[in-house]
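S.K.: Sequence:
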Amino acid sequence: MLPSFTRKPADHPIGYLVALSGLLMQLMSYGIDNSYSIFSEDMHNDPSLGFPSITAISLGNSVSLGLSPAFGVLAGFCVDRLPPRFMMALSTILLFTGLWISSTLAANIYVVTFTYCLFASIGTACMLSPGAAATSSWFNRYQGLAMGINFAGGGIGSAIIPPLAGKWVVAYGWRKAFQLMSIFCAIGVLATALSARRREPKRDDSSADDETREGNKSGNGSSVTRSNEPATVGGGGAANNGHNEGKEDVREMGRKNGSHTNTSKVPPNGRGVGTNQQNGNDGEGLDVTEQSQRNNTFASAIDVDMDTSMDADEPQVIRSLHTHKLTPWELFLSMFTLPFMGNFLCWFIYSWAFYSLIYAAVPYISSMGKPGTVYAGVPPIPTDVAATLFTFYGVFQVVGSVLVGWLASLVTAEFAYVFCATVGGIGCGLLALGRSYVAFALLLCIIGFCMAGMFAVMPTLIATHLYGPNLGFYFGAVFLAGVVGGFVAPPMQATIQLRNNGSYAFVCVVMSVSMTLSALVCYATLWRSKRSGIVLAARKTKLVEIM
Numbered sequence: 001m002l003p004s005f006t007r008k009p010a011d012h013p014i015g016y017l018v019a020l021s022g023l024l025m026q027l028m029s030y031g032i033d034n035s036y037s038i039f040s041e042d043m044h045n046d047p048s049l050g051f052p053s054i055t056a057i058s059l060g061n062s063v064s065l066g067l068s069p070a071f072g073v074l075a076g077f078c079v080d081r082l083p084p085r086f087m088m089a090l091s092t093i094l095l096f097t098g099l100w101i102s103s104t105l106a107a108n109i110y111v112v113t114f115t116y117c118l119f120a121s122i123g124t125a126c127m128l129s130p131g132a133a134a135t136s137s138w139f140n141r142y143q144g145l146a147m148g149i150n151f152a153g154g155g156i157g158s159a160i161i162p163p164l165a166g167k168w169v170v171a172y173g174w175r176k177a178f179q180l181m182s183i184f185c186a187i188g189v190l191a192t193a194l195s196a197r198r199r200e201p202k203r204d205d206s207s208a209d210d211e212t213r214e215g216n217k218s219g220n221g222s223s224v225t226r227s228n229e230p231a232t233v234g235g236g237g238a239a240n241n242g243h244n245e246g247k248e249d250v251r252e253m254g255r256k257n258g259s260h261t262n263t264s265k266v267p268p269n270g271r272g273v274g275t276n277q278q279n280g281n282d283g284e285g286l287d288v289t290e291q292s293q294r295n296n297t298f299a300s301a302i303d304v305d306m307d308t309s310m311d312a313d314e315p316q317v318i319r320s321l322h323t324h325k326l327t328p329w330e331l332f333l334s335m336f337t338l339p340f341m342g343n344f345l346c347w348f349i350y351s352w353a354f355y356s357l358i359y360a361a362v363p364y365i366s367s368m369g370k371p372g373t374v375y376a377g378v379p380p381i382p383t384d385v386a387a388t389l390f391t392f393y394g395v396f397q398v399v400g401s402v403l404v405g406w407l408a409s410l411v412t413a414e415f416a417y418v419f420c421a422t423v424g425g426i427g428c429g430l431l432a433l434g435r436s437y438v439a440f441a442l443l444l445c446i447i448g449f450c451m452a453g454m455f456a457v458m459p460t461l462i463a464t465h466l467y468g469p470n471l472g473f474y475f476g477a478v479f480l481a482g483v484v485g486g487f488v489a490p491p492m493q494a495t496i497q498l499r500n501n502g503s504y505a506f507v508c509v510v511m512s513v514s515m516t517l518s519a520l521v522c523y524a525t526l527w528r529s530k531r532s533g534i535v536l537a538a539r540k541t542k543l544v545e546i547m
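Quick note, the sequence shown lines up with residues 1 to 547 if you use the UniProt record's numbering.
A few of these clues could be false.
[Unchecked claim] In silico DSBU-like cross-links for lysine-lysine, where the CA-CA straight-line distance does not exceed 30 angstroms:
id, residue 1, residue 2
1, 8, 370
2, 202, 325
3, 370, 167
4, 176, 8
[As the list claims (entries may be wrong)] Quick list of simulated restraints, FRET-style, between CB atoms:
id, residue 1, residue 2, range
5, 176, 81, 35 to 45 angstroms
6, 332, 467, 15 to 25 angstroms
7, 51, 325, 49 to 59 angstroms
8, 378, 469, 49 to 59 angstroms
9, 377, 86, 53 to 63 angstroms
10, 327, 374, 54 to 64 angstroms
11, 391, 327, 42 to 52 angstroms
12, 51, 322, 49 to 59 angstroms
13, 14, 186, 15 to 25 angstroms
14, 44, 467, 45 to 55 angstroms
Hints in this document: simulated from the structure, not taken from any laboratory. All C-beta atoms in this analysis are idealised placements derived from N, C-alpha and C, irrespective of residue type, glycine included.
Full structure from sequences and hints, please.
M.R.: Quick look at the structure:
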């Protein structure tokens, strides 16, 4: 976007175009990444790759999805310093390059892993944090809805690209299917053009002059003086303005107290400061000049005391992650605060369920009727048919992302997250009992809705608890928690499945436990309003102490 379009107030309609750009980037990236497991059977039977094992193939899934949060930390650090469009353009180029290099040059499965999968991992990191940070900068009131739109792209991509990839791999093989999927990288070009971070609109000089004249007419010059005070270096302008206002308020109280002290000799029948005749008491009253001098002397003494005490405290002002751009050491220390740890653990635990489902869904469903497994007596579901179930999953991801994002803006993001995690955990547990296409479709609809809702609400939780000039870093650092789940879950789930005669029951149990535990962590660490009863009532009550 042109700079003139980015200087808009918060919640401006243009912000929805930025949210749309994030949607398009996730459509491209997650749609292609989530299709990788569909090619596992064809790669396993490919002599040009040396007939790799299923576990070796699953390593590619770990790299493409699991390592992206690790690169996301660096990407998040860059987001605070580089335009989001640069990061999104880099993401598109990496994904396109990885698809073509792996499909034309790969002679074994490890070439696929460290070309396409590694490039896709870096590309995903370069689009996730920039899109979320750019979208969050445009919204205050409707941030939950905007984030829901932004993160709906993964669901749309899962509904469109994996079913097509399933048909292409059956018709042409995995190499040609990779090249055909590269067409979707054109979506990244459009998304890059639409993304931009919001900037504050410029103030009109004439309106500023009008405000100054109005302040002068009101007879209270202190308000004008405070509004025109320059902000100090370090991003603490707002804090220092409040600091100066505190000085002015205390000084004003001092002047009033000085006035009361100096007029204590004025008789009760004299209203205000008057002449000796008005006071009716020669020798005890004070004239106007003497009264003013005493008031000014007292106020000056208050000014000196306030300046001395407050200036002595100023070098010791604590730097806040919400108002200051922190140094690397300060960023490291802030990672041990409760808001960061709560968000980190929520994503860490949730990632086990998410990446397990992405890896295991199609192989699990296509194993129905496969000889030598516990599902040998079940009617078979071919791979290309099993891949179409991602359409149901993806559609309900879109619905869940937008609907739960809207729900979070009405209630709280914490409530929406806990609700989705609880219901999704139940759905993952029931997935172990599925045996038919209809049952799998119904359960994937529920799980897709809940997972997308959690995925959409997570950036809102991060932005709510860790807002400020370091937000891009915190996005990347929290998403780093997904490295463990994304990198370890696919090989671990493949090993568990092989050791249990091809049964995916334990895979579903791990997903269910992860979802439920994530809800408990959010409830315990982030949901502050759950203690709202008398605490919020007390905060809303303002008691004025009359001296």
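S.K.: Would you mind marking each hint as holding or not holding in the structure?
M.R.: Going through the hints against the structure:
no.	hint	result
1	8 / 370	58 angstroms, violated
2	202 / 325	23 angstroms, holds
3	370 / 167	20 angstroms, holds
4	176 / 8	45 angstroms, violated
5	176 / 81: 35 to 45 angstroms	40 angstroms, holds
6	332 / 467: 15 to 25 angstroms	19 angstroms, holds
7	51 / 325: 49 to 59 angstroms	53 angstroms, holds
8	378 / 469: 49 to 59 angstroms	55 angstroms, holds
9	377 / 86: 53 to 63 angstroms	55 angstroms, holds
10	327 / 374: 54 to 64 angstroms	56 angstroms, holds
11	391 / 327: 42 to 52 angstroms	48 angstroms, holds
12	51 / 322: 49 to 59 angstroms	55 angstroms, holds
13	14 / 186: 15 to 25 angstroms	23 angstroms, holds
14	44 / 467: 45 to 55 angstroms	47 angstroms, holds
Hints 1, 4, counting from the list given before, are not met by this structure.
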